[in-house]
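Engineer: Below are the chains, spelled out letter by letter.
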Amino acid sequence: MAGGLLQIHDPLKPRGHAVGIDLGTTNSLVAAVIEGKPRAFPVDEGGSLLLPSVVHYAQDGSVIVGARARVLAAAEPTSTIASVKRFMGKGPEDAETKALGAYHFATGGAVVRFQVKGGPPVTPIEVSAEILRTLKRRAEAALTGKVEQAVITVPAYFDDAQRQATRDAGRLAGLEVLRLLNEPTAAALAYGLDKGSQGRFAVYDLGGGTFDISILELVEGVFQVKSTGGDSALGGDDFDRAIAARFLEAHGVAAPDAAQVTELLAAARSAKETLTHQETTELSALGKTFRVSRAEMDSWIAPLLQKTGVACRRALKDSGITREELDGVILVGGSTRVPAVRKFVAQIFGKEPLGDIDPDQVVALGAAVQADLLTNRERQDEVLLLDVIPLSLGLETMGGVAEKLIPRNSAIPTAAAQVFTTFQDGQNALDVHVVQGERELVTDNRSLARFRLSGIPPMPAGMARVEVRFEVNADGILSVSAKELSTGVSQAITVKPTHGLTDEEIERMLLDSIEHAEEDIHVRLLREQQVEADRILHDARKQLATFSDLLPEDERREVEAAIDRVAKLRDSATESQVLADAIKALDDVSRPFVERIMNRAVGTLLEGRQVDEV
Amino acid sequence: MRCWSCQAEVGGADACPACGKVQPVAPGTTLFDVLGLPRGVDVDKAALERAYRERSLRLHPDRAGKDDPRERRLSLERTALLNEAYRTLRAPEPRAFYLLKLHGLDLVKDEARAVTVPPNVLEEVLELREQLDSARSAGDEDLVSALSDRVRVQSAAALSAAGSALRRLESNPGDAAARDEAAQALVRLRYHHRFLEAAEASDEDNL
Chain A
1 MAGGLLQIHD PLKPRGHAVG IDLGTTNSLV AAVIEGKPRA FPVDEGGSLL LPSVVHYAQD
61 GSVIVGARAR VLAAAEPTST IASVKRFMGK GPEDAETKAL GAYHFATGGA VVRFQVKGGP
121 PVTPIEVSAE ILRTLKRRAE AALTGKVEQA VITVPAYFDD AQRQATRDAG RLAGLEVLRL
181 LNEPTAAALA YGLDKGSQGR FAVYDLGGGT FDISILELVE GVFQVKSTGG DSALGGDDFD
241 RAIAARFLEA HGVAAPDAAQ VTELLAAARS AKETLTHQET TELSALGKTF RVSRAEMDSW
301 IAPLLQKTGV ACRRALKDSG ITREELDGVI LVGGSTRVPA VRKFVAQIFG KEPLGDIDPD
361 QVVALGAAVQ ADLLTNRERQ DEVLLLDVIP LSLGLETMGG VAEKLIPRNS AIPTAAAQVF
421 TTFQDGQNAL DVHVVQGERE LVTDNRSLAR FRLSGIPPMP AGMARVEVRF EVNADGILSV
481 SAKELSTGVS QAITVKPTHG LTDEEIERML LDSIEHAEED IHVRLLREQQ VEADRILHDA
541 RKQLATFSDL LPEDERREVE AAIDRVAKLR DSATESQVLA DAIKALDDVS RPFVERIMNR
601 AVGTLLEGRQ VDEV
Chain B
1 MRCWSCQAEV GGADACPACG KVQPVAPGTT LFDVLGLPRG VDVDKAALER AYRERSLRLH
61 PDRAGKDDPR ERRLSLERTA LLNEAYRTLR APEPRAFYLL KLHGLDLVKD EARAVTVPPN
121 VLEEVLELRE QLDSARSAGD EDLVSALSDR VRVQSAAALS AAGSALRRLE SNPGDAAARD
181 EAAQALVRLR YHHRFLEAAE ASDEDNL
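Read top to bottom, the protein sequences are chains A and B. Residue numbering for the first sequence is 1 to 614, as defined by our numbering. Residue numbering for the second sequence is 1 to 207, as defined by our numbering.
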């Protein structure tokens, strides 16, 4: 039974390319190992490697992802979803969810749903899947081949529900998720830690919306995560907010609307970026300006940095490694470009951080390395990665106390079991409440799932013995099963997170998206041919009227018949190919005619020039 | 025991010596067996780390059972068990609880209720918790850390008492007095542990 609940797949089945994906709060990237080296791929026509994690839902039902969507955010803040990662695995009632700004949420249901234009409300999983689909397509274009497998990174501090949501988004985008890899671990892998190298590293990862710290040790080909910690709701976006708040304060703006907030945050972000290489800058938004110095910004973000410092000290303590024993500190995430952050990290760990790899790319590159390690037989005997769970897993016991079954920083995959008993005579059911977190009281921890084990045979109180078993797979995702031991009545229950989607819902979305994808491509191809038909009809009719003297009677009849056929199919064809064939027929029969027109035109042109030149 | 794949004799090994396939866990396997360490109160830490790495490299699902669904499942189970052994035996406290469990008393389960704690121990624990709560609400961090230091000393004493009782129990499994003494010490240790966790939560911001 132990392995029965865990998903089994065959990662070595040759299935196109395997890529690494950094699904970030602000930007997302896709990379793969090519000829032994990880490389990130361009995600737009401009060659940028960073795809802004912004998804716009247009009135006509189309979906725009990336830089173009970000441009639309100011004009259409409620239909343009940014920082969707912050909503992953969250319930609509989460206080944090409500604080996250400009969106309109659909009511009801266990999952956050954004009300957007052009269609029904969308969940964060669907929004993330749009980003993943775009990355998949870009990678396929760059690799000129199918991409079906991916390692997707998540913040180490993501809880079970957030991990499930990320995995579901991958599935929805048509990717087999080989592994959910913790971002700091990915970064450490990217630093080319080959079989021969040894050492202890701290990875400080400050992204747009999340903060992670991990302590890792590499010995004899085993890369072991010793401890991890962080804050899944703290990042560079908070720096922008801190700046924006001062702006509003200085100008006495009490209640900015959604569009104003979006505009101001964009201005604040660009001011922050400017201050990494300039001492002062001026930001303008809402028709007003505001001067900020680097020193001022540093003082505003200092409390946020202090929060990361607490997590760093705790991670060091949990790892049993002192800061003097560390061989290097790795920086990850665009927010570590802020000079105050670098200074803070150097001070916390007592050494200058490493910076050879672009902090924006390092996670995606590491994910690509892991994807290669998992799928490429020739690399099977290289580094083995042993990751941990970030938060303790436990059960609610009497008095609302959380009993930990698997402590935080336990290596995964792992399992643990605990036996419970009934407390009333004849009790035939037992409620099981699964929680995640470090606090003593259940109410202070994250509720993952509740279920009822029923069908316990009637017995005196204390006689039934129910074993609840936790299993955490290599992605850090939990399954729970329960069985009554004294009678052997066993019942396996796979728990879905409280704020997740059911398998049926995912399945339906998957089918919908495939149907729509086919429908969409069909409609698009037909539309393209209709545009082409309009163009060729317009040209042919015009030429027929203008150059009738160049067309013998028998040819004219053929061309006119072909024109009629295209005109008729322009509106009646449902298959793009039928219309395309008619267009080609018209093109073929009118070719001699068009050549004569061209010859005459060239002749006229030459004559004209001769006249001019004389 | 014979290998499920090639029928060679495996003799309780985690992988078949002939074909290398990962084998099911034999009944009665202890967490010490899982790491190939001698059973006891004291463990050679370097040997434990080495054994853990060596076994992970052989048994982890990223390495073993790529071609065979059955072996993959076994590899997953083996690795989960290996990680449990590592987590349990690495630190002396969970190791002591585990040894007592091997002697038939699982304090993590309901059996903890069967251990009678002397009233003076309970009283002291309750009193310490009250002092911690009032120190915390008064913001007296010095008192919080003084209380924590005191409990840490007591906790070390309890662990050492549990250790010597468990050593006696290991050499003479029928020694009921030693078993009781170990249980008493570990129940005390657990109270201390909970106290320290609560204290830590309160001074987290001052780390």
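Think of the hints as simulated: they come from the structure by calculation, not from any bench. Every residue, glycine too, gets a C-beta built ideally from N, C-alpha and C. Check each hint, because a few of them may be wrong.
To be verified - Chain A regions said to be covered by chain B (calculated; three or more residues, Cβ under 8 Å):
(1) 217-227
(2) 384-393
(3) 407-415
Engineer: Each hint should be assessed against the structure and marked as holding or not.
Structural biologist: Hints and how they fare:
{"no.": "1", "hint": "217-227", "verdict": "holds (count 5)"}
{"no.": "2", "hint": "384-393", "verdict": "holds (count 3)"}
{"no.": "3", "hint": "407-415", "verdict": "holds (count 7)"}
This entry satisfies every hint, going by the numbered hints stated previously.
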